[in-house]
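Residue numbers (numbering that gives the first Met the number 0), protein chains in the order written: chain A, 0 to 278; chain B, 0 to 352; chain C, 0 to 386.
Check before you lean on any hint, since a few could be wrong.
What the hints assert, rightly or not - The calculated DMTMM-like cross-link candidates involving lysine to aspartate or glutamate, where the alpha carbons are at most 25 Å apart (straight line), are: (1) Lys84/A with Glu58/B; (2) Lys104/C with Glu172/A; (3) Lys84/A with Glu66/B; (4) Lys282/C with Asp266/C; (5) Lys17/C with Glu66/B; (6) Lys164/A with Asp232/B; (7) Lys164/A with Glu66/B; (8) Lys359/C with Asp291/C; (9) Lys132/C with Asp232/B; (10) Lys104/C with Asp169/A; (11) Lys132/C with Glu172/A; (12) Lys84/A with Asp69/C; (13) Lys130/C with Glu151/C; (14) Lys164/A with Asp60/B; (15) Lys17/C with Glu57/B; (16) Lys167/C with Asp193/C; (17) Lys130/C with Glu101/C; (18) Lys84/A with Glu54/B; (19) Lys17/C with Glu58/B; (20) Lys132/C with Glu175/C; (21) Lys17/C with Glu54/B; (22) Lys17/C with Asp60/B; (23) Lys104/C with Asp178/A; (24) Lys17/C with Asp169/A; (25) Lys130/C with Asp169/A; (26) Lys17/C with Glu172/A; (27) Lys282/C with Asp321/C.
Claimed, not checked - Partial pick of chain A residues on the chain B-facing surface, computed with a CB cut under 8 Å: (28) Val82; (29) Phe116; (30) Pro118; (31) Pro180; (32) Tyr220; (33) Ile260.
In case anyone wonders, no lab produced these hints; they're calculated from the structure. Glycine included, C-beta positions come from ideal geometry on N, C-alpha and C.
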Amino acid sequence: MVPFLVGFVLFMIVPLVYAIYTSLYTTKIIGGTVFSGASNYTQTLQSSQFWSGVVRVIIYAAIQIPVMLAIAFFFACVFDLGVAKFGRTFRTIFFIPFAVPAVVGAVMWSFLLEPQFGPMVHLANAFGFSGTNFFSPSLILPSIIVIVIWEWTGYNMVILYTALKSVPRDVVEAAILDDTPLWRIIVRIKLPLVRPAIVMLIFLNTIGALQLFTEPLILSYFETGAVSANYTPTLYLYNTAIAADQTNLAAAGAVILGLVIVVISTASLLFRRRRGEFS
Amino acid sequence: MTELKGRDADPAASQSAAALPGPTSAEGARRQGRASEGGMGRWVGARRRAARKQERLEEQDSAIPVELYGLRRGTVTLLTTLAFLFAIFTLVPIAWIVINSTKTQANIFETFGFWFASPFSFFHNFSLLFQNVDGYGTYIQWFGNTALYAVIGGVGATALSAFAGYGFSRFSFRSSKVLFYLTLAALLVPITALTLPLYLTYAKAHLINSIWGMILPSMISPVGIYLMKLYTDISVPRELIDAARIDGGGEARIFFRVALPLMVPGLMTVLLISVVAVWNNYFLPLLIFNVNTKYPLTVGLGLWSERAQNSGNAQLFPMVVIGGLVTIIPLIVLFLLLQRYWRGGLLLGSIAN
Amino acid sequence: MAAISTRELTKVYATGVKALDALDLDVADGEFVVLVGPSGCGKTTALRMVAGLERITSGTISFGDRVVNDVSPRHRDVAMVFQNYALYPHLSVYQNIGFALENQKVAKAERDRRIRAAAGVLGLGDLLGRKPKQLSGGQRQRVAMGRAIVREPSVFLMDEPLSNLDAKLRVQMRSEVLRVHRSIGAATLYVTHDQTEAMTMGDRVAVLQAGVLQQYDTPRALYDRPANVFVATFIGSPAMNLYEAGLSADGASGSRPAAVLGSQRLDLPAPVAAHVAAYQGRKVIVGIRPEDLVVSSGPGLVTEARIVEVLGSEQHVYFWLDATPATQAAAATDEPAEAGFLVGSAPNGMARIDPHTPVKPGARVTFTVDPERLYFFDPDTGQAITG
Numbered sequence: 000m001v002p003f004l005v006g007f008v009l010f011m012i013v014p015l016v017y018a019i020y021t022s023l024y025t026t027k028i029i030g031g032t033v034f035s036g037a038s039n040y041t042q043t044l045q046s047s048q049f050w051s052g053v054v055r056v057i058i059y060a061a062i063q064i065p066v067m068l069a070i071a072f073f074f075a076c077v078f079d080l081g082v083a084k085f086g087r088t089f090r091t092i093f094f095i096p097f098a099v100p101a102v103v104g105a106v107m108w109s110f111l112l113e114p115q116f117g118p119m120v121h122l123a124n125a126f127g128f129s130g131t132n133f134f135s136p137s138l139i140l141p142s143i144i145v146i147v148i149w150e151w152t153g154y155n156m157v158i159l160y161t162a163l164k165s166v167p168r169d170v171v172e173a174a175i176l177d178d179t180p181l182w183r184i185i186v187r188i189k190l191p192l193v194r195p196a197i198v199m200l201i202f203l204n205t206i207g208a209l210q211l212f213t214e215p216l217i218l219s220y221f222e223t224g225a226v227s228a229n230y231t232p233t234l235y236l237y238n239t240a241i242a243a244d245q246t247n248l249a250a251a252g253a254v255i256l257g258l259v260i261v262v263i264s265t266a267s268l269l270f271r272r273r274r275g276e277f278s
Numbered sequence: 000m001t002e003l004k005g006r007d008a009d010p011a012a013s014q015s016a017a018a019l020p021g022p023t024s025a026e027g028a029r030r031q032g033r034a035s036e037g038g039m040g041r042w043v044g045a046r047r048r049a050a051r052k053q054e055r056l057e058e059q060d061s062a063i064p065v066e067l068y069g070l071r072r073g074t075v076t077l078l079t080t081l082a083f084l085f086a087i088f089t090l091v092p093i094a095w096i097v098i099n100s101t102k103t104q105a106n107i108f109e110t111f112g113f114w115f116a117s118p119f120s121f122f123h124n125f126s127l128l129f130q131n132v133d134g135y136g137t138y139i140q141w142f143g144n145t146a147l148y149a150v151i152g153g154v155g156a157t158a159l160s161a162f163a164g165y166g167f168s169r170f171s172f173r174s175s176k177v178l179f180y181l182t183l184a185a186l187l188v189p190i191t192a193l194t195l196p197l198y199l200t201y202a203k204a205h206l207i208n209s210i211w212g213m214i215l216p217s218m219i220s221p222v223g224i225y226l227m228k229l230y231t232d233i234s235v236p237r238e239l240i241d242a243a244r245i246d247g248g249g250e251a252r253i254f255f256r257v258a259l260p261l262m263v264p265g266l267m268t269v270l271l272i273s274v275v276a277v278w279n280n281y282f283l284p285l286l287i288f289n290v291n292t293k294y295p296l297t298v299g300l301g302l303w304s305e306r307a308q309n310s311g312n313a314q315l316f317p318m319v320v321i322g323g324l325v326t327i328i329p330l331i332v333l334f335l336l337l338q339r340y341w342r343g344g345l346l347l348g349s350i351a352n
Numbered sequence: 000m001a002a003i004s005t006r007e008l009t010k011v012y013a014t015g016v017k018a019l020d021a022l023d024l025d026v027a028d029g030e031f032v033v034l035v036g037p038s039g040c041g042k043t044t045a046l047r048m049v050a051g052l053e054r055i056t057s058g059t060i061s062f063g064d065r066v067v068n069d070v071s072p073r074h075r076d077v078a079m080v081f082q083n084y085a086l087y088p089h090l091s092v093y094q095n096i097g098f099a100l101e102n103q104k105v106a107k108a109e110r111d112r113r114i115r116a117a118a119g120v121l122g123l124g125d126l127l128g129r130k131p132k133q134l135s136g137g138q139r140q141r142v143a144m145g146r147a148i149v150r151e152p153s154v155f156l157m158d159e160p161l162s163n164l165d166a167k168l169r170v171q172m173r174s175e176v177l178r179v180h181r182s183i184g185a186a187t188l189y190v191t192h193d194q195t196e197a198m199t200m201g202d203r204v205a206v207l208q209a210g211v212l213q214q215y216d217t218p219r220a221l222y223d224r225p226a227n228v229f230v231a232t233f234i235g236s237p238a239m240n241l242y243e244a245g246l247s248a249d250g251a252s253g254s255r256p257a258a259v260l261g262s263q264r265l266d267l268p269a270p271v272a273a274h275v276a277a278y279q280g281r282k283v284i285v286g287i288r289p290e291d292l293v294v295s296s297g298p299g300l301v302t303e304a305r306i307v308e309v310l311g312s313e314q315h316v317y318f319w320l321d322a323t324p325a326t327q328a329a330a331a332t333d334e335p336a337e338a339g340f341l342v343g344s345a346p347n348g349m350a351r352i353d354p355h356t357p358v359k360p361g362a363r364v365t366f367t368v369d370p371e372r373l374y375f376f377d378p379d380t381g382q383a384i385t386g
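Just chain A, with the same shape it has in the complex (with noise of 0.2 Å):
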């Protein structure tokens, strides 16, 4: 207990007060540091950069979200219901990229998506899209969100299977008696009772959605023209401390986007107690 207590203090509440203490303060080259109060949040909220990359970030999970969920829900019922062969073969299968570093994902889907030589372009030429530069300004975002759904969609299916398997076998052997077709069990029995993994799901992908960073960092190196450097609120918040060396400013947005990112987790919470879940 007291380990994990002194660790928590320490590692999680004495660095966010430092933040907000530093983000108060401005750091010039010639003056030294000086207190100036919100003019870093002033700043921050009024670049349109950070902003920029805060709507990118939401539009992309909201596009990447419900794909990869409808996917690996998909999969977590054919699964559960034992309507495709090989289906404990399948789900290891699906689950390996859970295994891969973000990094060696995008590592290696940035080689097959090369615009030159990458093996997915060729497949596309094969198909007649040809010239298809997948590190396009249009299309990088795509690619970003096949990357993280490669990543991400076993992770979310095993979960989703496991809440699947807790619906009592008698209740749906009812609902055979009852001559429920396939699709009405599915929709109006299962899909209800697995709500409250659904919507868990929803909320720590959405953390994790608005936080993205390495996908883009690393398809940076590979293509640096697609990618900007705020092109999501984190990679902004890096830059500015690391590359620009303004760690002040930095901090300032790290507080920032951290109120964002609990507000959007927060409501989606209340949201879901609210709906009233199904204990």
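Fit chains B and C to the known structure of chain A by using the hints.
Just chains B and C, lined up with the frame of chain A:
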């Protein structure tokens, strides 16, 4: 609409019934397997396979027969095909990295991505991992670092989670509820927003490049604590602890001798999750390490990727590929070995509550 | 033509476990048949195969003259009440009952009428808006029944519907279930492990053990003429006393045949003796029901009373008789036979006697029993000895 098949609707059953002429029970089947053990190694393997087959058959028995869903013919084939396609999608990058780790730099870009090409440079590429190319860092060192961080961090996180989870679960002290909700609230705080302040604190305290700066924060895992509390609630009965207390055991002794053995499956899950989290962590080490000798694999590979594109040293490309391969192998092996331990239900419990 | 009939119905699971062995059963239209037996005896398996929820390994099931092995449970026109009720947890009582009708695309007005009718029969009118978690066990059970009867099925299946209720409620619901059955009039197959339910509710009762049918008869016949030791000890509570006995020709008075229990003899009148004539000079198992033992002040079976339970309406006397109890009696219960923890002369028999005769623990008690009320079984096969 497919209907129930005929008389011998259960060919598997009649087959196994025929194959086991004597025993009509699961016990009998196991007894038969054991009888052929005779202390020889390969019979042990056979028994394990038989046990797994048993599990699979039991799973089969407890699932609703597929024909009751009233599906059109060929739906099963269609769905199996779809699953197969997604499996291909999942395995494509992995296949790519396995195959291309054997190629020279030129071949990676010029030959067909999914088949081998001569010369077969796997071992040459592998040897590069032991060298410090252009001063950008030595892979083997990174591997050691990652292993160190992951093991210590993972084990530490599991231990702390066990203590804390047990504490929250079986002790009721004033403010335990408050602290617990505080822990859960910590889950809410986005990691990246927290990591930057952490970096700033380190900078101030001169802790940059300290390995403990990497390991210690990794040991604080609200998720792990939550999971362990949940698991302890389920698997360590309150009465058992009370009985042990009445029998006069010291709290520490109760924890280690009575509670801990019951918590093992949960511990395995938390261990797996924690080790994976540290192994795959990118943002924290990226910020707090600026000497490449301390880098874990993630940061190192990131560095190489960037340098490979921009520094003109084309040797780095195959190094990135084979580096990536060697990075993911330990975890995948760990997964496959520990499969039986992750209680999916535990993952779910943290989610659906 | 029976409404439900099974021939050689067998179930072997993929793991090799044989749950049901060649069951032959007939249920007439409108009949209430109970499948009873200890857990693991195959009764639920049989029920589920009739429903179509379990694959059939071999044998046939017919509804009327139609073999339904290949018919999906969706089209068999059976309704089932599950042991844990299996209500749709997120739907209201109204929606639960009406779910099947929705599937059948019954018009809204008609659906509403039928739901309310079914709810009315079961007294659920006020609860239609509630969700299952807001209901008590008894109410949930009634909703489960409502869901079944609203479909007006031709076959009604019930899997231990009362076992999750407390004792008092169970007694009350027994008559409820029968009332509903009579108003519906469908052939009903009812599974339970409680022999009291079986005896009080069934038109006919099928006793199963370890997948094998032991006897299929009316409750009266099961009680009076049990086919084997298992049925004898399973039916009737408290259970029958069983002892090993020898049959000898010389009785206490002249050469009257007698059953020899330990050192004591029970004279057998001619008809009884003729019944067991084939076993003269050999060992048999003798069964005596506790309610057939009467305290006597004269000659009879001499025992030592060990424990006396005073119930008010009757007394239970646990006695020790100088005879060898038959160990097959353990087969009728789920638990293995245990040695009493008071070793030595632990009680090996039980009698139900009138409430007024004073019996002291430790004292000698003599019982008489009408020899016509004795049961005889083969000591090797456990089968009842038929004359």
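* To do: Go through the numbered hints given earlier and state which of them the structure violates, listing their numbers in rising order.
  => none
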